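Asker: Line order of the protein sequences matches chains U and R.
First residue of the first sequence: -7, per my numbering; consecutive thereafter.
First residue of the second sequence: 320, per my numbering; consecutive thereafter.
Think of the hints as simulated: they come from the structure by calculation, not from any bench.
Keep in mind that this is a model prediction, so the values were computed, not measured.
Careful, some of the hints might be misleading.
Think about it this way: if two alpha-carbon atoms lie no more than 20 Å apart in a straight line, the pair counts; the simulated DMTMM-like pairs of lysine to aspartate or glutamate are [as the list claims (entries may be wrong)]:
| id | chain 1 | residue 1 | chain 2 | residue 2 |
| --- | --- | --- | --- | --- |
| 1 | U | 256 | R | 411 |
| 2 | R | 937 | R | 911 |
| 3 | U | 256 | R | 407 |
Computed Cβ-Cβ distance ranges for the label pairs, DEER-style [unchecked claim]:
| id | chain 1 | residue 1 | chain 2 | residue 2 | range |
| --- | --- | --- | --- | --- | --- |
| 4 | U | 158 | R | 402 | 28 to 34 Å |
| 5 | R | 652 | U | 157 | 40 to 46 Å |
| 6 | U | 157 | R | 334 | 53 to 59 Å |
| 7 | R | 358 | U | 255 | 55 to 61 Å |
| 8 | R | 803 | U | 153 | 51 to 57 Å |
| 9 | R | 753 | U | 100 | 39 to 45 Å |
For glycine and all other residues, C-beta sits at the position ideal for the given N, C-alpha and C.
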Amino acid sequence: MGLFILRRLGLMILTALCLTFIVFWLTNLLPNLEKLAKTQGNARMSDEAVVSWLENRGYGQPTLIKYGEWLGVLPGYVIEGQDGTVRARCAPIGAEVDDTTPAFCGVLQGDWGQSTVFRNPVSEIIATRLGLTGKLMGFVLLLMIPGALIIGVLAGMREGSRLDRGLSTVSIMSTATPEYVSGVVLIAVFATPTFGMQFFKGTATSAMENATFENFLLPVVTIALYGMGYIARMTRASMTEVMTAQYVRTARLKGVSFTNIVMKHALRNALIAPFTVIMLQVPWLLNGVVIVETLFNYKGFGWTLVQAASNNDIELLLGVSVVSVFVVLFTQLISDIGYVFLNPRIRIS
Amino acid sequence: MDKAPYDGPILEIDRLSISFFTRLREIPAVMNFSASLQPGEALGIVGESGCGKSTVALGVMQDLGVNGRIVGGSIKFKGREMNTMTREELRDIRGSEIAMIYQEPMASLNPAMRIGKQLMEVPMIHEGVSKEDAYARALEVVTDVKLPDPERMLNSFPHQLSGGQQQRIVIAMALMSKPSLLILDEPTTALDVTVEAAVVELVKDLGKKYGTSMLFISHNLGLVLETCDRICVMYSGEAVERGTIEGVFDEMRHPYTQALFRSIPLPGADKNARPLVAIPGNFPLPHERPTGCNFGPRCDYFEAGRCDQGHIFMEDTGFDHETRCLRHAEIDWNAPLVAGAQTEKPAPGRVVLKMDNLKKYYEVAASALFSGGSTKVVKANETLTFEARESETLAIVGESGCGKSTFAKVLMGLETATSGEILLDNKSIGDIPIEKRDTKTIADVQMVFQNPFDTLNPSMTVGRQIMRALEIFKIGKNDGERRARMLDLLDLVKLPREFAGRMPRQLSGGQKQRVGIARAFAGDARIVVADEPVSALDVSVQAAVTDLLMEIQREHKTTLLFISHDLSIVRYLSDRVMVMYLGHVVEMGTTDQVFSPPYHPYTEALLSAVPIADTKVKKKHIVLEGDIPSAMNPPPGCPFQTRCNWKDKAGRTKCETEVPVVRTLANGHQIKCHLTDADMAEMEPVIQMAAE
Chain U
-7 MGLFILRRLG
3 LMILTALCLT
13 FIVFWLTNLL
23 PNLEKLAKTQ
33 GNARMSDEAV
43 VSWLENRGYG
53 QPTLIKYGEW
63 LGVLPGYVIE
73 GQDGTVRARC
83 APIGAEVDDT
93 TPAFCGVLQG
103 DWGQSTVFRN
113 PVSEIIATRL
123 GLTGKLMGFV
133 LLLMIPGALI
143 IGVLAGMREG
153 SRLDRGLSTV
163 SIMSTATPEY
173 VSGVVLIAVF
183 ATPTFGMQFF
193 KGTATSAMEN
203 ATFENFLLPV
213 VTIALYGMGY
223 IARMTRASMT
233 EVMTAQYVRT
243 ARLKGVSFTN
253 IVMKHALRNA
263 LIAPFTVIML
273 QVPWLLNGVV
283 IVETLFNYKG
293 FGWTLVQAAS
303 NNDIELLLGV
313 SVVSVFVVLF
323 TQLISDIGYV
333 FLNPRIRIS
Chain R
320 MDKAPYDGPI
330 LEIDRLSISF
340 FTRLREIPAV
350 MNFSASLQPG
360 EALGIVGESG
370 CGKSTVALGV
380 MQDLGVNGRI
390 VGGSIKFKGR
400 EMNTMTREEL
410 RDIRGSEIAM
420 IYQEPMASLN
430 PAMRIGKQLM
440 EVPMIHEGVS
450 KEDAYARALE
460 VVTDVKLPDP
470 ERMLNSFPHQ
480 LSGGQQQRIV
490 IAMALMSKPS
500 LLILDEPTTA
510 LDVTVEAAVV
520 ELVKDLGKKY
530 GTSMLFISHN
540 LGLVLETCDR
550 ICVMYSGEAV
560 ERGTIEGVFD
570 EMRHPYTQAL
580 FRSIPLPGAD
590 KNARPLVAIP
600 GNFPLPHERP
610 TGCNFGPRCD
620 YFEAGRCDQG
630 HIFMEDTGFD
640 HETRCLRHAE
650 IDWNAPLVAG
660 AQTEKPAPGR
670 VVLKMDNLKK
680 YYEVAASALF
690 SGGSTKVVKA
700 NETLTFEARE
710 SETLAIVGES
720 GCGKSTFAKV
730 LMGLETATSG
740 EILLDNKSIG
750 DIPIEKRDTK
760 TIADVQMVFQ
770 NPFDTLNPSM
780 TVGRQIMRAL
790 EIFKIGKNDG
800 ERRARMLDLL
810 DLVKLPREFA
820 GRMPRQLSGG
830 QKQRVGIARA
840 FAGDARIVVA
850 DEPVSALDVS
860 VQAAVTDLLM
870 EIQREHKTTL
880 LFISHDLSIV
890 RYLSDRVMVM
900 YLGHVVEMGT
910 TDQVFSPPYH
920 PYTEALLSAV
930 PIADTKVKKK
940 HIVLEGDIPS
950 AMNPPPGCPF
960 QTRCNWKDKA
970 GRTKCETEVP
980 VVRTLANGHQ
990 IKCHLTDADM
1000 AEMEPVIQMA
1010 AE
């Protein structure tokens, strides 16, 4: 098992390297850099000025070297600019470059760079924003997974029954409604006086400090609904299959009661397949987070991503991507390990 | 639940009718089925697939699914009507009073639950005993079913056990609450013959020990003969004949039963002198049953205007024997079988195929999850050396894992040999994979597969599939010529020409297998590897397909390599037999040599394990201990030493350390065994016909 996890971790790091390089390359394309130069320097810079501005700040180096510096495996640049100032990647802006300036400063050293828009270190921004999104996601998962499993199991245990059809319809509808539709509808219904059901707030800004039922339920439900239908469908499919399996018949003909058949015999087998889907769903939910956080003005990770992208905030965008990549890979690792635990046929081979 | 003492019949089924309801129509699956079972008695229900025998079992259990319903009659268990029981009452009875053993042990055990827990559940539900007591009981029962190391067994998951062990666990589970009635639904169909023999023996012993009544459902007449006291033959949803084993086997009074017996290869049948008689026609679909006698259209004794005039009732013929035949008193049941077309045994021609020291080893990773690291070598085939001649049938016999399918793969070119040679017309083809073989070689060596249901493309017409084979073999210049050739091939396998336009799903199993044969012979194959070609088919169809193969072989002088585990059919049709065990050829010789002493100890056990549906046959009783060892981890010395009954005679240490060399006895009869000639000479025949 230990070896298995090690191998998976190794593979994960390799994937992360490849993915971050792609993101790095895309964000460091020339048009992006020109835009950066113009927003940071002077909007009316001449083309030559742009080039020298970029050269002075190390952006002129080959992409691989820049990537190495950003990663922290190559020493940061120290460039004496055409304007005579010596700039180093590792020296804070405005500070003198001297012997105390560290040679390496990259992601590995914990230096994620400086956000050009928020004027704060990227690591700081990501930490706070990720915390906020973590809170949102936590509640979403808390609502979504048990809900989806209950719906799926209830629907799947008696295939074709009225309960099955009802629940299936609900889950298909919920998964067919994207967040930007359901969010708007939910706001219109529950956060405006139009229908006389103004129970909740249409904005979740206050939930960042103090989450209450009133200000947090709508964003949580909006994300959860979408994923819930999907997982419920998978659980139902898996459950119906298990319920027709021969070993369930064996249990039935052993005299096991229906409740116990579902709980003791069918459930664990039925969860093996949806478990992977649930874990796949977590990174997928990040999509929803982007929309919902913007919609409800909840300044979390998704909101930061939108801000970074629209403001051409390269370092922040990179940081956000790295974290996203790790979230995806990490959930995959958990899913693989969990799968092994659920399925004894793999565990003890 | 208390088990009140009761001394009437355990089970009384009276005119039971069960139907399945689809959107289109009601499909009657069982009609007017009656049976009764006394305490301690074993009743066998025999019939082909689709005759409703499993439906009866599930009907007794009152577990017919959403679509099935009991539409008439009554089922009384210990005098209590089951049809009107509530769910709770049923649940009390299931598992504690009536237990069931299923066809596929792997599928009927919960894969994600430890075996101990699955066993302990039974007394915990029904008797409310504590966990400790239930564990003690489980341990006792697992010991009873003769499983080694019971504690480890209880702590394992089902996938860690072999098929035979799993079936023993299912049996143990059924016995946990000491039921009064045990229903066995084809309990050994998925198992190997020697394992089957051991399981059947176990069931019989346990039945005696616990005094359990048994309802034994099987398609295998021989098995029913060995296990049951009474038998009920079913055909198309009806019981057609009912009586004691001796009564039905020796004095059958229904044409279907007679036809069934004539279509199975009993000792004494011979493909040339006494060919099998297949039952003509097909099994009627439930909604296409004829009026009058269901068997009428296929019956030799059919009398128009009488047999097709309405419902036929069971009639008593005396001696506790009933039959559903109007003419049972008129038919001369002792009339000898009109011998079918007798044929000359073709003389084997020149050598076409030669194997020389063929070996096939596989390297596999020791553990599936963490690949890499240590690898193990699986010796799938060890030094195969033999010749096959023109128009000869060479049977390759052995249980699962003996390497017979690997050999077929190497011959076909799906795998290449590790060492040794395969010579086809003195041309080595052993290390040429199929992609690199020329068209002629591919067309010459063809295969008929075990499962006709999976080997036809479901979305291509039958004709198209045969023509596709012709295209690949580069036969015929254009589609027109190939079409003509395809129609000829359909004639060859005796399928109507209209079948060219049909889809595989519109064909029955036997018809599909005929298409498979037609496809194999598309390029005038000279060597046909038939991998268990009839084992997925019903008994009455088996005979027809076997005969077809034989006939084509006679005409085309084909060399037939017949891979099978069914010794009855091997004895019937093969000229020479090769017995394999764990990759080794343990015995080889002509059919007569192999089927009479001296035997290899494995052949002896194999012969004894095959159930024979003939009351006149006396068999020596040999039961092998344990399972077939894994090919990944073969025992040292003789591959068979772990289960051999003769080991003491041949010298234990010798068997455990040395692989025996092949010895040639009289007339090319080869045996791989340490036994001395004197010991061999002492061997008695396993199967003897009692003097008539």
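Asker: Next step is simple, just say for each hint if it's right about the structure.
Answerer: Results for each hint:
For the hint pairing residue 256 of chain U with residue 411 of chain R, the CA-to-CA distance comes to about 18 Å; that is within 20 Å, so the pair holds. With a C-alpha separation of about 18 Å, the suggested pairing of residue 937 of chain R with residue 911 of chain R holds against the 20 Å cut-off. At most 20 Å may separate the alpha-carbon atoms for a hinted pair to count; residue 256 of chain U and residue 407 of chain R meet this at roughly 19 Å. For the pair residue 158 of chain U and residue 402 of chain R, the supplied restraint of 28 to 34 Å holds, since their beta-carbon distance comes to about 32 Å.
For the pair residue 652 of chain R and residue 157 of chain U, the supplied restraint of 40 to 46 Å is violated, since their beta-carbon distance comes to about 57 Å. Between residue 157 of chain U and residue 334 of chain R the CB atoms are about 37 Å apart, so this pair departs from the stated range of 53 to 59 Å. Hint check: residue 358 of chain R to residue 255 of chain U, Cβ distance near 36 Å, so the stated range 55 to 61 Å is violated. Checking the proposed 51 to 57 Å range against residue 803 of chain R and residue 153 of chain U shows it holds: the Cβ atoms sit about 56 Å from each other.
The hint said 39 to 45 Å for the Cβ distance between residue 753 of chain R and residue 100 of chain U, and at roughly 53 Å that hint is violated.
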